[in-house]
Structure formats: C-alpha cells, structure tokens
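Chemist: Chain order of the listed sequences is W and X.
Using this note's numbering, the first residue of the first sequence is number 1, and each one after it goes up by one.
Using this note's numbering, the first residue of the second sequence is number 1, and each one after it goes up by one.
Note that these hints are calculated values from the structure, not bench results.
Some hints could be false.
With a cut-off of at most 25 Å between alpha-carbon atoms, the simulated DSS-like pairs for lysine-lysine come out as follows [claimed, not checked]: (1) K180(W) to K155(W); (2) K47(X) to K20(X); (3) K239(W) to K47(X); (4) K294(W) to K85(W); (5) K132(W) to K180(W); (6) K330(X) to K239(W).
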Amino acid sequence: MAEQASSYPEIAPLKLHVPEPGCRPGDTPDFSEFEIPRAGAVPKPELDASADDMLDLAFSIIRVLNKEGEAVGPWADDLSPDDLKQGLRHMMLLRAYDTRMMTAQRQGKTSFYMQHRGEEAVSCAFQVALQKGDMNFPTYRQAGLLIAGGYPMEKMMNQIYSNEADPLHGRQMPVLFSAKDYGFFSISGNLGTQYIQAVGWAMASAIRHDSKIAAAWVGDGATAEGDIHSAMVFASTYKAPIVMNIVNNQWAISTFQGIARGGAGTFASRGHGFGIPSVRVDGNDYLAVYAVAKWAALRARSGFGPTIIEYVTYRAGGHSSSDDPSAYRGSAEGAAWPLGDPIERLKQHLITLDAWTEERHVQAEAEVMDEVKTIQKQAEAIGTLTSGHPPSGRDMFEGVYETMPPHLVRQRREAGY
Amino acid sequence: MVQMTMISAIQNAHDLAMEKDDRVVVYGEDVGFFGGVFRCTAGLQEKYGKNRCFDAPISENGIVGSAIGMAAYGLKPVIEIQFADYMYPAYDQIVSEAARIRHRSNGDFTCPMVIRMPCGGGIFGGQTHSQSPEALLTHVAGLKTVMPSNPVDAKGLLLAAIEDPDPVVFLEPKRLYNGPFDGHHEKPIVSWGKHELGAVEEDYYITPLGKAAIRRSGEAVTILSYGTMVYVAEAAVEETGVDAEIIDLRTLVPLDLETIETSIKKTGRCVIVHEATKTSGFGAELAALVQEDLFYHLEAPVARVTGWDTPYPHAQEWDYFPSPQRLGQKIIETLEG
C-alpha cells in the first residue's frame with residue numbers, strides 16, 4: 001500500500017467548495033454572463049418528441065416577446081388580444097392583492113404573507129393552459145393559479161385573515177390555500193412533498209383511463225428535497241400525465257439557486273437523467289409561459305408522459321413578510337434582472353398590437369386597486385386575525401378523522417367545546 | 001371456513017377488496033409480478049392486471065407520496081412498505097401529509113389509504129428488519145394504527161382499514177405470518193402451537209377498527225397486549241397459572257378505552273407487554289391512561305414488560321423480546337404488590 005501511495009503526485013489538502021452568488025449587498029449586479037437567447041430562437045418540438053430529441057431545450061430559454069414587445073417565433077401562440085388583456089388583468093390583480101396583503105400584514109391584521117412580485121406570469125399564464133378537472137399541486141407562490149382560475153379573492157383574504165369565513169377554519173397558515181373545485185391542491189408547509197403526490201394523482205388519472213392531468217410545482221431551492229427525485233423516478237417509470245414545474249426565481253430565502261442546483265447545468269437538465277423531456281422558459285414572458293404550458297399539458301393529455309419546465313424568473317420581493325432581502329443580495333439586483341417585469345412586458349406587447357395604451361393602463365391600475373380594496377373591506381368586515389370573531393376552538397377538533405374517535409371527543413370536552 | 005396463515009388471510013383480503021371495489025389499487029416493492037417478498041399480494045397482478053397491482057421503484061417516499069396523490073384523486077391505494085424499518089424515508093409523507101390532508105383542507109381533500117408494513121422481530125432480521133415503530137405512528141394525529149395477532153383478525157381488520165375513509169397504518173407481525181409458532185427459532189414458547197386460529201371465513205367480513213378483543217377472561221390481573229405479544233401473554237399465564245385477563249388491543253389508534261377500563265375495574269391490576277423499546281413506547285401511553293382514569297381502582301402499580309432500549313440485535317433476539325418468563329415474573333410481582 002505504502003509503495004502505491006508513494007507513486008501519487010504531491011497533492012494539496014482538499015478544500016470544500018461552497019458556491020457563491022454574483023451579487024451580495026453593496027455589489028453592483030452583473031448579469032453579463034447570463035445567456036439569454038433572442039426571442040423566437042428556440043424551436044418547438046413535436047408533441048411526441050423524446051427527451052433525446054430536445055436535449056438543448058433544457059439549456060436554452062424559450063422566449064416569445066422580443067425587446068420591441070412583438071410576439072415572434074414558433075412558440076408565439078394563438079392568444080387573442082382579449083385573452084392577453086385578461087392575462088394582464090390577472091397579473092395586475094395579483095400584484096394589487098399582494099400590495100394590500102403585505103400592508104395588512106404590516107398593520108398586524110395577519111401573521112404572515114408571501115408575495116409574488118416579479119413572478120406573476122408563471123402561475124397566471126399556466127392556469128389558462130389547463131382544463132377543468134386538472135389538478136395543480138402548488139407551493140406558496142402560485143396564488144395566480146387561483147386568480148386566473150376565477151377563485152373568489154375574498155375567500156383568499158378570509159384564509160389570510162383566519163376569520164370566521166376562512167374556508168380552512170383557521171387551521172392553516174396564511175397563503176396555504178386549498179381549493180379542490182378550482183384544481184388547487186391543499187398546500188403543505190413542508191417543501192417539495194406535493195411533487196410526488198402530484199405524480200400519484202396523475203397515475204390515478206391514467207389508472208382510471210381519465211383525461212385529467214396533474215401539474216406539480218416546486219421552487220429552485222426545494223428541488224434539493226428527496227421528494228423531487230422520487231417524483232421524477234415515478235413520473236418517468238409510469239409515464240404519468242403530468243407537467244412538472246420548477247420555478248427558478250434565483251433565491252431560496254437567502255440561499256442563491258447555485259446551492260440547490262449543484263453541478264448541474266440547469267434545473268431542467270436534471271430531467272435528462274430520467275428521460276423526461278425538459279425545457280426552460282422565460283418566466284417573465286406571459287406568452288412564452290402560456291405556450292410552453294399548453295404544449296406540455298397537451299403532451300401529458302395525449303399520453304406522452306411527463307414534461308419538466310424550468311421557469312427562469314426573479315423573486316423581486318422578499319421571500320415572505322418575515323424576510324429582509326437587503327441583508328443578503330444587492331438592492332439593485334431586481335431592477336437589473338435582464339428579463340424585465342412580466343406586467344410591463346405584456347403591457348408593451350398589447351400596445352404594439354394597438355389593443356392597449358399607457359393611459360388605459362394607468363386607469364386599469366386604479367380600477368384593479370379599487371376592486372381589491374373593496375374586497376379587502378368585505379373580508380375585514382368579517383374579521384382579521386386580531387379583530388372580529390376568530391374560528392371556534394371547536395374547529396380544531398373537527399376533521400382530524402372523518403368520524404371523531406372517542407379520545408378526541410374527550411379532549412374536545414376537556415377544552416370546553 | 002378455510003385454514004389460512006396470516007399471509008394467506010392478508011392475500012385473501014386484498015383479493016376480496018379488489019374484487020368489491022375497482023378503486024382499490026395495490027403496489028409496492030416486489031408486490032406485483034412476484035407477489036411480495038412475504039407473498040401477501042401473490043396472484044393479484046395476474047388476476048387484476050398491471051393497472052391495479054404493480055411493482056414500484058425502491059422508494060418508500062415515492063410509494064407513500066404517490067399513494068397520497070392517488071387517494072386525493074379518489075382511488076383507494078393499499079401499499080406495502082417491505083419492512084416497517086424502511087418507513088423512515090417516507091415518514092414525512094406519512095406524518096406531515098397523509099395524516100393531515102383532511103384536516104388542513106377542511107375535508108376538501110382526503111386520504112383513504114392503507115400502508116401495510118411487516119413489523120417486529122423473530123426472523124433474525126437484525127437492526128433494520130425487526131423494528132416495531134407503532135409509537136412513532138400512534139403519536140401522529142390523523143393516523144390510525146392497527147396490529148393484528150391472528151389470520152381471522154388480519155383479514156377483517158385489513159378489509160376495515162381499506163374501507164376506512166382515513167389513512168391507516170397496518171402493522172403485520174412477521175413472527176406470526178406463517179402461524180402461531182416461533183418462526184426460525186428452536187425455542188418454542190409453551191402453548192405456542194396449541195391455537196387453531198387459521199379457520200378463516202372465506203366471504204367478505206369486517207373486524208371493526210377501535211375494538212379490542214378479550215383473548216382470555218380472568219379476575220386477577222389485566223394484561224394489555226397486541227400482535228405477537230398476545231401469545232407471549234397466553235404462555236405466561238399458562239406457565240404461572242395466574243387467572244389473568246388478556247386483552248388483544250388490535251387497534252392502537254383509536255384505542256378501545258372502554259374494554260380496558262372495564263377489565264381493570266374488575267382486576268385492579270395491569271401489566272402491559274410490547275416488543276418495541278420501552279422509553280416513550282406505546283406502553284407508556286397505556287400506563288398513563290390507566291393511571292389517569294383508573295388510579296383509585298388500582299391495587300398495584302401499572303407494570304411494563306418491553307423490548308430493551310437498544311437497537312434490535314441480530315443474534316440476541318431471544319434475549320431482546322419479552323419472553324413468557326419475563327412477563328410471568330412481572331405478573332407475579334404485580335400480584336404481590
């Protein structure tokens with residue numbers, strides 16, 4: 001052994017490699033090495049294309065809207081100006097709702113809030129590509145699925161306020177919604193658990209020879225969870241009818257995306273190890289997100305199995321109302337994000353189509369904010385976390401099981417209910 | 001009536017459930033083509049097709065997590081974790097997800113699924129093929145936990161678990177799989193082989209969850225047991241000649257408090273026996289409940305006989321799990337106390 005070892009060249013002691021982001025507080029953001037293909041440059045594969053036929057799409061970025069606000073290339077889809085105006089409205093509603101709820105949290109009306117600023121296109125456009133009966137398994141930053149799906153905003157606020165009309169009776173943290181009839185699975189606080197559940201739901205649809213599909217959601221940070229690996233194995237093995245979304249918004253609280261990504265080129269490229277067709281899309285481009293989502297949903301519904309979609313976007317706000325992003329990233333980084341703002345980009349596109357104007361947009365902003373404020377007043381009239389009537393303590397004993405077992409009946413009585 | 005082992009009773013329950021309800025699907029590692037390493041799912045794939053009985057990747061997390069999604073869709077998955085010791089990779093899915101989905105969604109989504117797990121020692125399984133994790137499961141609000149002790153109950157309880165609208169963990173003592181004898185050991189427990197518990201009704205029947213069974217009526221002391229330990233209790237009673245009442249709990253959550261209370265009010269004494277480690281074991285819960293509710297009926301301290309607080313040993317199994325002798329000694333002490 002010693003003889004063999006002596007034949008080794010002299011090697012310096014090992015060092016642990018810990019990746020670092022390009023921009024910390026005080027630094028000037030630099031996205032010059034972030035390769036952005038021009039809009040329209042990425043081809044659109046056939047629905048039945050194999051993962052091998054489209055390896056490059058896991059490393060490029062599908063984009064539709066160019067700098068001039070025009071929709072170009074093979075992924076430019078058939079959304080009408082009215083559809084696009086509806087999409088713009090969904091995103092504006094989400095932003096106004098975020099603004100009001102963040103303020104409400106600061107005013108002590110709720111314990112916690114998580115905003116979507118910068119990521120509005122991802123969930124709002126995706127939902128439009130689904131059909132009734134499909135099921136999203138979301139994380140906490142996809143409220144756009146509900147807004148674009150027509151779920152009543154007042155119910156969302158009632159849940160955030162944990163008031164008497166909270167559909168979840170005060171049992172869940174704010175923003176952890178559940179809305180089966182709107183294709184929105186109950187959100188867990190544990191990261192990534194929903195990914196494999198979504199695959200199981202999709203497998204069940206296939207087992208029942210149904211035509212519904214599932215959509216799984218996870219952030220870049222939570223891709224490090226084992227559930228994501230399990231989900232990819234199962235989805236690949238059983239060719240489950242599912243769209244597997246990875247929202248890469250660059251930051252998992254204070255941890256930049258390079259920590260969870262490891263040595264992989266992109267998050268999407270992980271799909272290649274499982275033989276799953278995988279693409280990256282400009283997450284700030286409403287048209288691109290819609291086109292890719294529709295293509296992947298149709299693939300799933302047609303029996304061609306799972307697709308992985310990585311949304312390249314940027315979390316412009318903090319992780320949550322408890323977070324202070326200025327402590328870990330450059331304050332100018334959000335403004336420097338090269339893919340721009342999703343609302344601004346769709347607005348420009350509608351203007352190029354002569355379907356919208358700057359003046360109309362200002363007016364629409366005011367209308368949307370008024371609408372959200374009115375809904376907020378209605379919700380607050382019922383109550384907030386700190387005012388009005390909270391859900392009864394009796395509610396926490398209900399629904400642990402379908403029928404309350406004797407030991408819980410005893411405890412409920414002991415608690416005075 | 002047909003003579004069945006616990007394995008064939010469990011296989012039969014699967015068969016009847018799949019025949020009755022086409023929403024029942026069965027999967028897990030090796031359960032499909034091969035019919036399970038313990039053969040509990042033998043023949044199901046052949047009879048019901050790969051759409052309803054199939055092999056899964058070696059990913060307990062994937063098996064449980066996907067079953068939660070299937071249950072939320074409206075199927076009734078019955079999944080197998082090959083050994084209870086392997087449930088830990090899936091523990092988060094069991095505890096944080098399956099157990100909670102009904103409550104956190106206010107019934108919007110539910111999780112009617114059965115997680116089957118062979119548990120316990122007695123087959124030279126060592127540290128990772130022998131554990132009894134019931135305390136880790138009974139601690140979790142939203143789960144039901146079942147452990148049968150014989151083929152008749154195994155079939156009826158499994159069918160009840162499959163019908164149940166909530167997630168049920170079904171723990172199957174491996175030492176009982178092939179009959180009430182002592183597996184690979186050459187150290188038979190007295191009275192071990194005297195049972196004729198294999199006479200099982202061929203038709204569909206339910207043994208309700210949450211109901212204990214009185215295996216032996218007695219006046220002197222109540223022995224609370226479940227799974228393999230029911231037989232240890234019977235042997236201990238036979239060896240000591242004490243007029244004990246032996247209760248087979250069958251379901252740990254929900255627990256049949258009524259049967260326990262009635263018995264202890266009669267006997268005034270209680271000895272608890274389980275194979276799992278002692279500290280924070282299910283016996284601690286039982287002892288606390290008895291003490292809380294029945295203190296003034298007790299004539300002696302509640303006693304526990306359990307596995308030791310060590311990892312499950314390979315070669316020292318016989319020293320590890322409670323023996324009739326160890327239980328018998330504790331019964332005598334309790335009677336003298």
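Chemist: Check each numbered hint from earlier against the structure, then list the numbers of those it violates in ascending order.
Modeler: 6
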